[in-house]
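Asks: What follows is the residue order along each chain.
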Amino acid sequence: MTFPRVALATLGVMALILGVNLVSATNRFVTAYDAFDAVRLEMTEFEYVGPDEPVRTVVTITNPTGITVEVRAIELRLDAGIRRVGGGETRIARLAPQAEQDQFTLAPGEAQQFEVLLNIDDRTYVRGLGDVEIDWRVTGRFMVKLDEDIDEEWITA
Amino acid sequence: MSEYSPAPARLRLIASTLLASIASAGLVASTLSDLQNLTAFYLSDVWLLPGLILIGVLISIANDDDVARSTIALLIAGVLGATLVGLAIAAPGFRVEGVQTTMIDRGTTFGLLALLLIVLFGLAGIVISWVAGAFLRPGRL
Chain G
78 MTFPRVALAT LGVMALILGV NLVSATNRFV TAYDAFDAVR LEMTEFEYVG
128 PDEPVRTVVT ITNPTGITVE VRAIELRLDA GIRRVGGGET RIARLAPQAE
178 QDQFTLAPGE AQQFEVLLNI DDRTYVRGLG DVEIDWRVTG RFMVKLDEDI
228 DEEWITA
Chain Y
667 MSEYSPAPAR LRLIASTLLA SIASAGLVAS TLSDLQNLTA FYLSDVWLLP
717 GLILIGVLIS IANDDDVARS TIALLIAGVL GATLVGLAIA APGFRVEGVQ
767 TTMIDRGTTF GLLALLLIVL FGLAGIVISW VAGAFLRPGR L
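For the protein sequence lines, the chains are G and Y, in the order given.
Using my numbering, the letters of the first sequence map in sequence onto residues 78 to 234.
Using my numbering, the letters of the second sequence map in sequence onto residues 667 to 807.
The calculated label-pair distances, taken between Cβ atoms and stated as ranges, are:
no., chain 1, residue 1, chain 2, residue 2, range
1, G, A86, Y, L741, 18 to 24 Å
2, Y, T768, G, F80, 44 to 50 Å
3, G, T201, Y, D711, 52 to 58 Å
4, G, D156, Y, L779, 38 to 44 Å
5, Y, P674, G, T145, 49 to 55 Å
6, G, W231, Y, L741, 38 to 44 Å
7, Y, T775, G, R161, 30 to 36 Å
8, G, W231, Y, V797, 49 to 55 Å
9, Y, L786, G, T137, 48 to 54 Å
10, G, P131, Y, L715, 52 to 58 Å
11, G, R133, Y, L786, 57 to 63 Å
Treat the hints as calculated values from the structure; they're not laboratory data.
From a predicted model like this one, the values you see are computed outputs, not experimental measurements.
Cβ atoms here follow ideal geometry from the backbone N, Cα and C, with glycine treated the same way.
Turn these sequences into a full structure, and let the hints guide you.
Replies: Below, the structure is given as structure tokens:
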């Protein structure tokens, strides 16, 4: 076997191994973004009592993908009209019991409800709105993790 | 004087170009932060530059240390390899509308970076191979 043929064979082996790497990484990269795009968050309950009490909300996160998704955190912001008056968050890292932490793992096709308490920081403003109907707006984002190899991603809801 | 046969030489030029483009694209993609953790075989960043130089050396040897043919092969391999890297990074943008602009922009940037890396370090490999060939087989000069 001549040197050029050995060189070509070596290039062939490198192309095979590194080509597999290229294809597998691209495939997993696209799958991850597909999953990030498909996971949905929607508000199912909103309970306001008064300016001195936290607002109780329940959000539903649905995982329509074929892979398991772990919700790491949910952050919500609370606006009264055009003014931000508070917010709240839930993070898996702060939940001690394993049972509660397991709830944050969504199997393929599973939907899970999460309670998030929103604290009102600007109580004076909310109190000043009086008895008029308040135009509440809740926006936020949630952090999901697909597996240990892929970085967590914030998804805006 | 060695017998020169143009058909196998042309075949080796085409084969080395195609194989080098896949190998270099795979090597660059395996060491990019976006894709590194998603690869089938983990490859450390430190292998990127030596790997690209090795690909240059192999292109040169596969083309009988002919600098002109090796350089043409490397340039074409660089363009093809960089295109593959760019498409790999931009791939989610073709499926998910929300990240279309970001990922295609990112793919273009990393594609251009890959082109520079493949061509510059591949050329270094060709020069190394040529100089080594000159010392080991001075009759070829």
